[in-house]
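Trainee: Using the hints, build the complex out of the two chains.
The listed protein sequences correspond, in order, to chains A and B. Each residue of the first sequence is one higher than the last, beginning at 845 in this note's numbering. Each residue of the second sequence is one higher than the last, beginning at 315 in this note's numbering.
The set of hints was computed from the structure by calculation and includes no laboratory data. Predicted model, so just to flag it, every value in this text is computed and none were measured. Just so you know, even glycine gets a beta-carbon here, dropped at the ideal spot from N, CA and C. A couple of the hints might just be wrong.
Said to hold, decoys possible - Pairwise CB distance ranges, derived in the manner of DEER restraints:
| no. | chain 1 | residue 1 | chain 2 | residue 2 | range |
| --- | --- | --- | --- | --- | --- |
| 1 | A | Gly1019 | B | Arg327 | 28 to 34 Å |
| 2 | B | Arg779 | A | Asn852 | 34 to 40 Å |
| 3 | A | Thr884 | B | Leu760 | 51 to 57 Å |
| 4 | B | Met651 | A | Gly1036 | 40 to 46 Å |
| 5 | A | Gly1019 | B | Arg779 | 38 to 44 Å |
| 6 | A | Glu971 | B | Arg330 | 33 to 39 Å |
| 7 | B | Gly778 | A | Gln915 | 17 to 23 Å |
| 8 | B | Leu760 | A | Asn852 | 50 to 56 Å |
| 9 | A | Arg859 | B | Val767 | 39 to 45 Å |
| 10 | B | Met651 | A | Thr884 | 29 to 35 Å |
What the hints assert, rightly or not - Rough simulated footprint, nothing fancy, chain B against chain A, three-plus residues with beta-carbon under 8 Å:
| no. | segment |
| --- | --- |
| 11 | 848-854 |
| 12 | 939-946 |
| 13 | 949-956 |
Chain by chain, the residues:
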Amino acid sequence: MYKLTGVNKIYRKGRQAVPAVRDLDLVIEDGEWLAVQGRTGHGKTTLLQILGGLDRPTSGIVEFDGQDLAQLREAQVTRLRAVSIGFIFQTFNLVPTLSAAENVEAALIPLHPGLAERRRRVTAALESVGLGDRARHLPSELSGGQQQRVAIARALVKEPKVLLADEPTGNLDEGTRDELIDLLEQLWRGLGLTLVLVTHDSSLARRAQRVGVMSKGRLTIRPDARRTAEPQTAPAPGPA
Amino acid sequence: MFFVTYLRRELRRRMRQAIFIALGLAVGVGLVVTVIATSNGVKKAQSAVLQGLYGVGTDVTVTGAAPGPPKTGSKPPKNSQTFQISPNGAQICSNGHCHNAAGQKVDNLGSQYAPINASSVANVARLHGVTAAAGGLALNDTQISIPKNFGQAGSPLPQPNSFTVDGADIGHPLLGPLSSGTITSGHSFTKAESDSDVAVVDSGYAKASKLKVGSTVTIDKVKFTVIGIVSQPQSGSPPDIYIPLARAQAIGSGPGGSLKGKVNTIYVTAASASDIPAVQKEISKLLPGTTVTTASSLASQVTGSLSSTAKLANELGKWLSILVLIAAFAVASLLTMAAVSRRVRDFGTLKALGWRSRRIMAQVMGESVVLGIIGGAVGVGLGLAGAALITRFASKLSATIPTASGLHFQSVGPGGSQSSSPTAEHNLLVPLHASVTLDVIALAVLLAVAGGVLAGIFGSWRIGRLRPADALRRVE
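The following block holds chain B by itself, in its conformation from the complex (with noise of 0.2 Å):
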């Protein structure tokens, strides 16, 4: 077809040029996956620590406020432990009654979040967009030995150990942190264990602790048996030890006591993406006080590497992106502005031989077009290197997840006394697969072949409006 021969020829006779072309698109575009797949590897890696925390099948998830640090000279809430240092030594209050802590084990299984009614949940369920809803305890377990010879001069300070507790709702097993896990010993719970003492451990945390089926945990001085071993996303920021809703019910605390007929988490499906913003409001409405967070909310309230790459590829590889793009744009613009004008003589030959000026703009348009599939493809693979290289050879991002203790900490002493309640952190390390989807090769091609078309419009501008009689006069 003569069209494709003279095509051919003519990005033959201007290989070099061609080659210049299409390697700048191609670079332009390489670099707009490189981009948008790293940026893609970081929201999988938010997503999967997301669902380590509140497991798969979760959209919104609802959470009573985070207690702050008590006012200085505060009272604690009632029913509830405190931990008081003083020159006298260490102590340990309950409801204005206080002994000597020395000696001692304090054992406190206190709720990181504001308590919300447990008959919530039922009623977040039935609101239009969701499709079901759970609830949860998110609980953590501080353990202090305190010295005998606490308060003496040399004695050392006490090391709190503390690892975090899942109350988890037996009634609906899709939702929920335990929702993402795999059972890879023993079994998880069962409707017939729903309030004994029972736990499910966490493979990191039983490695860790040398833990196995049948082994005994102790949470708030009661002993739990293990009856089975769950495996988490790599990714994810699993609790410790998941024991049935009920028992850590009876046996945990939070601001205001007792946690009997209490939640902390309302885990909640909506039916379709969509709704999930009016849901979102909805169950605000309904549960004033609450903080009612998204995925996407959630995302930023992780810090971390993992945080700062996110913003790193969203926005500097962004702006990155789209001012080599241009530039890509702009050099096969003129490049193919300067081929049409040294192709003066051989376009007002061929308009003297009849041809239409639309046809000659094809040709140009057409060698253009072939220039940005060429860089396209170009393109695509040197985005896939630099995906494959980064997935390859990029650290391990970091993800730090802010949660309450639940413990309450007092110290008196000559200048007053001092409140405080720790935070715990939970510090993941997430590894970053940088992935190409088949919806961002495309669009890499698509971008080339529009550089190649708008390079072809700019360079077929001028035979529009080229006379033939002025392109022949030229040589002659």
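If we strip away everything but chain A, and leave its shape as in the complex, we get (with noise of 0.2 Å):
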């Protein structure tokens, strides 16, 4: 899926230069969960972003399924985007204005399918996370993990190959910080997708298939992170 070789992303302020990522290698297959830990301020959320398309690297090439990323006009990211990766946010992002129903439809918008094929599509995705019968309800009338709930049925509404999640548990409790994860993990199991997860939460981490680890820019994989998610349809992940 994702074959990132030399991959530097600096952020100037000024003259200062302030690296975000340096010197990253990194290869995902198709399938996997990997989960990427580290401290605040050390590269996590920049690396995902230069994955999902969001933003660019300074140096380095970020092939996604043999497209660079990096060599692509705005507008290519941006179709890639829409059809191919879904995003959970840590603040769920949901638009406040519009219902459930609608912050999912709003993921199916650039694809243009049909008003009867867009409605069956959100209704089944608010029901695969168990919202079926809040569709109507706003962002401020759903609780925390709710809401998160309606951002992953509209990261998974269009039926990406990646969803990139950016501390999804961060804003919730412990409860239903376990709940989610069950979900997100039952979803990948089901749909064989590929899943990266950003977390500082190690107990998190640990569920995933391989953890790498974020320190000041750089990337390690952990080669002693515990294997204990198995997809059912992803191929066995390769070593750490």
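Mentor: What follows is the structure, given as structure tokens:
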């Protein structure tokens, strides 16, 4: 799915250069669940944004299904995100004026399916996260856990190849966090997604097939990470 | 439809701001509508004044030059009557012969303008671009009764009584001041009466002078029978009495003496509005020394509050409207940009979902255009209300039209003689009806939508440059 070679991302603040990602090489196989751990400010989110085409590396190659994201035009990257990449954010990022169903529908707008098709897929997505009866609720009428479920439904409604989750349980209480991660794991297994999950929570990270640690912009795959999660449909992951 | 749902919800979310933007546009547009309506009303009032002067259907008027005040000590024109006041009393003189005027009644039907040969009317009618031409005589009848003891100590000064007389071309009933009137009693002139001592009287003058059909009026010592009463448009400045042109030519006098075979005004109808400037030019070449005017140039001769209101509406009103509109556009743009700034996270998320920048920009533009349409609708309402208030409460406008009396006065005394040809003025009160037409409404809505589009452009400009990572990083 992904092959990153010599990726660097440097942010410039006046004369100061802040390296967020340094000399990163990474391969993520199809259907793999990779967790990326690390302390705040060490480049986890930046890596996720590069994987999602939300940001471009300063140098290096970011291959996604054989295409170098860094070389594509903005419109092409946008199209790729619309079709193949789903996002889940720490703060849910639901549009506050749209209902749960409409937020999920927003992800289908760039794909231009017909109205009936849109409605069918939105209903199915909400039901897959257990919120079929909350379709008309606004985000302000949902709990944090429910909002994140809507966000998951939104990410999955377009049947993406890869799901990028940035601290999806960061704003949730412990009980809700466990429920949510169970849901994510269940969906990952059932759909054969490639899942990259950024978290600072070790207990969550351990549930992935592979764990990488970002430290000052450098990624190190932990050789001792427990691979407790085995996807039903994805191929067996390679060594870390 | 998702676009409409999202648009509606967003406007509702920032309802106060949306109302503020729409109201700002409404005020700007409303002011434009009111000013244009007032300007239209003033133009209509001006046009009605001019129509009353020259009649409906007249595009160009040709008049002989108005005689200026004669030079002091100059000789009066041949066959004209002069009235002299000296220490020896009052005298009436004609062609060098004078007699005592005490106890006399002076009655002079004089031309307001220098005469033009009546044959010129046919020459004008033959010009390219001219549909019809008719001649007329715009005259003033001045009557002065001189007391028997005039000139003696304590004797009162004689007070002139004057009224306007129009010599109407009966062969062209659709041209000239009579053409815009409606006969309310009796009948208008027939061809058989073209050389008869008959008169049609203006309804206002008839009421003031207690005249009706069958009454007699004396014009230059000739008795005319009233055959009809005519009512002219309220805002017009119609002549008091109309008589057949041939009779006016026979009894009137002007600079140079008799008016036989003369006219002093030619009324011209052009084939189309676009022909008017060329026709005006051709007539000026054909009849040098005459004054050739169109409706727009005549308007500049009208003074009084009508003309100052016209200036106010056209100049101050226009610039004030433009300034208010610019302010409304600026406020709408700034508020839209502020609203977009507050939604950066939403837009960043939509971009992350795969929305193209132009789709998001279309959403913002749609919200702004809707506010523009709402502002336009409210603005039209405000404009209509403003126009109605102006029509209801504005005082009538005064219009003053200077005319020449055609009378020549001369006073003789130890210090020498002084001459004057007094001018008369027509003062009219003209109601102001501020009217809103469909094209003004369309302009108002267009302006408001333009304001909305402009605000949308400024607001959505940022979206095109927005990088999703930057937008999302703000929150995290």
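Trainee: Which of the numbered hints are not met once you compare them with the structure shown?
Mentor: 2 and 11
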